[in-house]
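Here the protein sequences line up with chains A and B, keeping their order. Going by the working numbering, the first sequence opens with residue 323, and the numbers climb by one from there. Going by the working numbering, the second sequence opens with residue 41, and the numbers climb by one from there.
It cannot be assumed that every hint is accurate.
What the hints assert, rightly or not - Over the 12 Å line for every Cβ pair with chain B, so calculated as not near, a few chain A residues:
1) Q491
2) S855
3) R972
4) A989
Stated by the list, open to error - Covered by chain B, per the in silico footprint, the following chain A stretches (three or more residues, Cβ under 8 Å):
5) 666–675
6) 1049–1060
7) 1076–1085
It is worth saying that the hints were derived from the structure and are not from the lab. Just so you know, even glycine gets a beta-carbon here, dropped at the ideal spot from N, CA and C.
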Amino acid sequence: MGLNGERQPPLATAREELEARCIQEEPPRCQAACPARVDVRGMCEALAKGNPDEALKLLRKSVPFPEILCRICDEPCGPACLRGESGEPVRIRMLERAAVEYGREGPSRRPLIRKKQRALVAGGGLAGLTAAKELGRKGYAVTVLVPEDRAGGELLLLPESVLPRDVVQRGVASLPETVTVRTGAAMDLSPREEWDAAFLADARFLPDMKGDPLSLVTSDPVVFAPDDRTETSPVLLLSYGKRAALSMDRVFQNASLTASREGETGAGTRLHTSLEGVTPSEAVRPSDGDRYTLEEAAREACRCIRCSCLECVKRCPFLDHYGGYPKLHIRTIYNNLAIVMGNRTASRMINSCALCGLCARVCPNDLDMGAVCLEARRSLVAMKKMPTSAHDFALRDMASSGSDEFALLRNEPGTERSAWLFFPGCQLGASDPAIVEKTYAWLRARLPHPDGAGTGIILRCCGAIGSWAGRDDLAQAEHHALLDSWERMGRPVVVTACPSCARELKDVLPADRLRSIWDVAREFGLPGEGELSGLGDVRVLDPCAARDDPETRSAVRELLRRRGLRDATEESGSTAENDGSRSECCGYGGLVSFAHPALADRFADRASSGGGTKITYCAMCRDLFARSGAEAYHILDILFAREPGDLAVRPCPSWSERRDRRRLLRAQLLRTIWGEDAAMRELNVRLLFSGEVEALTDRRWILREDIETVVATAERTGRKFRHRTNGRFLASARIGAVTVWCEYEPEGDAFRVHRAYSHRMRIGEEEDHDGQ
Amino acid sequence: MTANSDVRRELAVSEEWTCFACGEALVLREAPLSYQGATFRVEVPCCPTCGQYFLPESVVLGKMAQVEQALEDK
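Work the whole structure out from these sequences, hints included.
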């Protein structure tokens, strides 16, 4: 999944289908099993917080007679309760009773607005009383026909110890004033002209008439009856009353009997809830017979798992940051794209996803928010609504990788064709040029040279930056440039050293022409020999791009084993948590670092958390983990080490250093292998920074070379401001899409930089300077 | 931007600077600002002789960044 994996339908045409994949809004199993649809989860939440008033309020929303039902409910929720799979089910009915006994209700009631329609309810049992109460509350004039001398029906047949008579009486007394109970009634419906719709709650009235299972409508469109007239389950009888009342209300309002009622029947739910981390527990036993004290109820309510999916949110800093769950975000993103006038406030969110696809991996329905966000980015680009600031720096970096100053393409000296082509990617050399040189030397020495074809090298971008930015045009331009070189070199096997490059090029090159350096090393032998001991506990942190590449993940582990290293957690077996199949992004993926730097830091912190020595095989992961304070090595550091003493955690380079190192790498390779001198960038001015200013400048995406341009231009033209007292200068220059300002002062033959800042807005007629 | 008194206060820092080439104190003058296809005019300190504009860090990272963000969301 993710960028090149299994496709899901596009947001533009399948919004509802994508929304339906997110099942967070589905009811918990208890609520789905309850014919009255009681919000048990909410009730437990309230009781657990010691708030029985709120619990009773929630209960009463679904149950017109909670004081009756909490004593006699047949509890279909019990067997459904997921807690039962980890101990005993939650004692829901007893919690309802606690809500009824300890909850207090405020006096505020909606004013009753009387309506002219008349409802007839045949039968004064639980179903009839429920329908009467619901309809009466809505203001309809209700007549309840009761053959006996008092209302209550089957409720009056229960033993006093189970349901005291006075509880039933109080229930009857709670009927609104719009309801008239006619006791001693005949077993016939009153004359038609006296009512507008009727509910046959009691089976003794017209026993042959049965209703539709959902709306309860009978062959007579204004007469309603249960589909099973012999039903005795209290909660089901109550639900019949509720459904009949809703249907009759709809008849009175000339509304559809069936629209939007799917949730009223059926006991199923698609909600997925993980039991990971849930400790089995037994139900709280009441100290007083079958009643909980408020404190016991709170303890029992705490046993409720609060069924909820959020599998993706639990694992993704991006989804966690934006709150809610994917279904809500899909709607927001869809709306963001559909806006004609007004603000697109979700653009930053769209650009803050790592596009890594971990959400799809852990989602019960494979919903990939990365695919949604990528599609949204492409749409923003197509509509010319992509915020320039989101990816401008990254795209300029990508352009620089392909420029003459940084790019390199060579066959091995003395060869005309290449059998192999080393593709280190843009960031390995930017992180550590020496490791690229060593690796290339090792590949030249180790890889076979069939028919005089050698091992070439290419320094440039794979196109991933363009793909992540939604700029398929730029990505394809990189692919074409690569393909063109590759054809000319004799269609060599491209050896990648970066999982993101490998994933990007999977759809570009034929499968048999693309191999990872780890796979090649496994076949042709490691650069270093012997066991590396003394590294302590080692953790292998797989890059997100290798999540769908089990072969690479196993190759890496084998290489490490050959050097005597093994992921410490693998000793107790390989699991989804340590085999890399659920690896987390470092925050560079999807260009999060550029669109939302603070969030990117959270990705890196999270992915590299925990103790031990971290080994990864993506240069950006390595660098960002090191910046997060982890003892992080690139696997090539390990493979080339002769002994642990060779290893030292390199700090994460700044963006300026990355540029310099790429330039240096190209120059070094040209000089040492091909005996050529590379034209190095001429330094016009020499800059001095304090560590603090340099770090701040880097965080603001301002390159040292951009500041050099500002200072050199100001010094050459005299276009600058001078501070009246401290003698410092302030100058600016337009570089690409930004204006860079620098406050500086001369120091010897150099210039000390005190601050640098930039804006995108153009002021007046600024002259452009090429920052490259 | 000039309607905002905070911005005015921040622009007051320009009184501490002079144009190096012309030696002039800076004055407030209307300047065109453009971004994402939108153009508007605001008062900005500048050299009265050569016309080079002056923008302090507090304005660039404050109000100006907010306006850029708002225009990007349009």
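Outcome of the hint check:
Every Cβ of chain B is farther than 12 Å from the Cβ of Q491 of chain A; the closest lies at roughly 62 Å, confirming the non-interface assignment. Every Cβ of chain B is farther than 12 Å from the Cβ of S855 of chain A; the closest lies at roughly 50 Å, confirming the non-interface assignment. Every C-beta of chain B lies more than 12 Å from that of R972 of chain A, the closest at about 31 Å, which supports listing it as non-interface. Taking the minimum C-beta to C-beta distance to chain B, about 36 Å, the non-interface status of A989 of chain A holds against the 12 Å cut.
Given as covered by chain B, the segment 666–675 of chain A passes the check, having 3 residues with a CB less than 8 Å from a CB of that chain where 3 are the minimum. Look at the segment 1049–1060 of chain A against chain B: 3 of its residues bring a Cβ nearer than 8 Å to a Cβ of that chain, three or more, so the hint holds. Counting residues of the segment 1076–1085 of chain A whose beta carbon lies closer than 8 Å to any beta carbon of chain B gives 8, which meets the minimum of three for the stated coverage.
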